[in-house]
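Q: Starting from the known structure of chain A, arrange chain B on it as the hints suggest.
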Amino acid sequence: MAGFDKVVASYEEAMAGLEDGMTVISGGFGLCGIPENLISEIKRKGTKALTLVSNNCGVDDFGLGVLLQDRQIKKIVASYVGENAEFERQMMSGELEVELTPQGTLAEKMRAGGAGIPAFFTATGYGTPVAIGKEEREIDGRMYILEPAIKGDFAIVKAWKADRYGNLVFRKTARNFNPMAATAGKITVVEVEEIVEPGELDPDQIHTPGIYVNRLILGSFEKRIEQRTVRTAQS
Amino acid sequence: MALTREQLAQRVAQELQDGYYVNLGIGIPTLVANYIPAGIEVMLQSENGLLGMGQFPTEDEIDADLINAGKQTVTMAKGASIFDSAESFAMIRGGHVDLTVLGAFEVDVNGNIASYMIPGKLIKGMGGAMDLVAGADNIIVTMTHASKHGVSKLLSNCTLPLTGKGCIKRVLTDLAFIEIKDGKFHLLERAPGVSIEEIIKLTEGELVVPDNVPEMKF
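For the protein sequence lines, the chains are A and B, in the order given. Just so you know, we're using UniProt numbering here: the first sequence kicks off at 1 and counts up by one. Just so you know, we're using UniProt numbering here: the second sequence kicks off at 1 and counts up by one.
Some hints here could point you the wrong way.
Stated by the list, open to error - Below, in silico cross-link-like pairs of lysine to aspartate or glutamate (EDC-like), each with a Cα-Cα straight-line distance of 16 Å or less:
{"hint": "1", "chain 1": "A", "residue 1": "Lys172", "chain 2": "B", "residue 2": "Glu87"}
{"hint": "2", "chain 1": "B", "residue 1": "Lys165", "chain 2": "A", "residue 2": "Glu194"}
{"hint": "3", "chain 1": "A", "residue 1": "Lys74", "chain 2": "A", "residue 2": "Glu136"}
{"hint": "4", "chain 1": "B", "residue 1": "Lys169", "chain 2": "B", "residue 2": "Asp182"}
Said to hold, decoys possible - Computed footprint of chain A on chain B; a stretch qualifies when at least three of its residues, placed anywhere within it, have a C-beta under 8 Å from a C-beta of chain A:
{"hint": "5", "region": "47-53"}
{"hint": "6", "region": "80-89"}
{"hint": "7", "region": "125-131"}
{"hint": "8", "region": "185-197"}
To be verified - For each label pair, taking beta carbons as the anchor points, the in silico distance ranges come out as:
{"hint": "9", "chain 1": "A", "residue 1": "Glu200", "chain 2": "B", "residue 2": "Asp60", "range": "23 to 33 Å"}
{"hint": "10", "chain 1": "A", "residue 1": "Ala85", "chain 2": "B", "residue 2": "Glu59", "range": "24 to 34 Å"}
{"hint": "11", "chain 1": "B", "residue 1": "Val208", "chain 2": "A", "residue 2": "Gly116", "range": "45 to 55 Å"}
{"hint": "12", "chain 1": "A", "residue 1": "Gln227", "chain 2": "B", "residue 2": "Lys148", "range": "51 to 61 Å"}
{"hint": "13", "chain 1": "B", "residue 1": "Gln55", "chain 2": "A", "residue 2": "Glu200", "range": "45 to 55 Å"}
{"hint": "14", "chain 1": "A", "residue 1": "Glu138", "chain 2": "B", "residue 2": "Gly183", "range": "15 to 25 Å"}
{"hint": "15", "chain 1": "B", "residue 1": "Gln14", "chain 2": "A", "residue 2": "Glu99", "range": "34 to 44 Å"}
{"hint": "16", "chain 1": "B", "residue 1": "Asp182", "chain 2": "A", "residue 2": "Thr229", "range": "36 to 46 Å"}
Note that these hints are calculated values from the structure, not bench results. Ideal placement from N, C-alpha and C gives every residue a C-beta, glycine not left out.
Just chain A, same shape as in the assembly (with noise of 0.2 Å):
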């Protein structure tokens, strides 16, 4: 590696350093826009007792879920863990721990941790079990509560296209939390199905500028639909 050249060669280097009980911060939206080639080296390595940050955990066989059937997750913060039988045994058992976490209150904690914000105020989780044990504060009338920022060892990103000094364009809903993540890692790793020279990409279509960025790796994707929706071509 070479100035601001983030390229690296294999996935084993990409996620070089990640060791058991850390936090790692996962974009992605359901099977929309993971890092599934980083998700696999993660199994692969075996790493475990770590901290999942991520909307949702994947199914039984793909994204996250995958991490599940070692048990390499300790606990996972995620808003939605439907569609996941080995996730539910495993929480009604206790071996995973769970904190639920509102969606936008999510991507906002991840937002905050990139963006040096300790903790905000929101509305959202007042007066339910989301509240619990949290700072709460009136606000011109309205009550609010506290939540803490996320910050992760890692974070593991899935953009489109990007250039090597680490500049991201993301496609479609596969942004959804993947900007958010990025800025949140301690050591953020991209993968990406296009890799170009730096000068090749438009600076004003950059939705993740490369100083967030510490190495990006070329992969091929499966790319998993979860809910397959179709209309026939006449209705």
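A: Chain B alone, transformed into the frame defined by chain A:
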């Protein structure tokens, strides 16, 4: 007769106005998109990061990178925009969405809503529902009025863990359209052929019934 799922969606659609940005929850709310009145423009917000959600794709149009908040493949309508999750919830929390429609297990006379968890049975998470109910001013909850066993879901106090506190003002059930104010349910409309007595019987929370309760029109 209790309303069908389609009729519930049709009745909600009557509340749509030209130029509305609307977030539709999963289930019956999604069906509202099929009944947008002719001659008005509505833009659908999907909280995973899409404003201007279109119809389902044809086989040829399927794109794994383009889904809605229910994880279904979708298309983009003309004039759509794409953004990240923080931006999406800035729209929602910031009160920029004109109408939110979502389901519930229970609501009560104080505008509390329970919709995301049944302890010991169903623990899947709140997704975006807590942000939606906290951020939106104009919310319609769609739900069945009572369980199959006749147990009311319109209560004096919610029994399940809350999704939001004091944030619901309008509820459309399969039997009635109800407004919540001053700590009471107020009966606005009834489903065609449903008697006021039946609605009273299946409403556990205090219900104010005006002299004239019109039937819903379709």
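Q: Name the hints, by number, that the structure is in violation of.
A: Numbers 2, 3, 8, 12, 13 - these are the hints that the structure violates, sorted from lowest upward.
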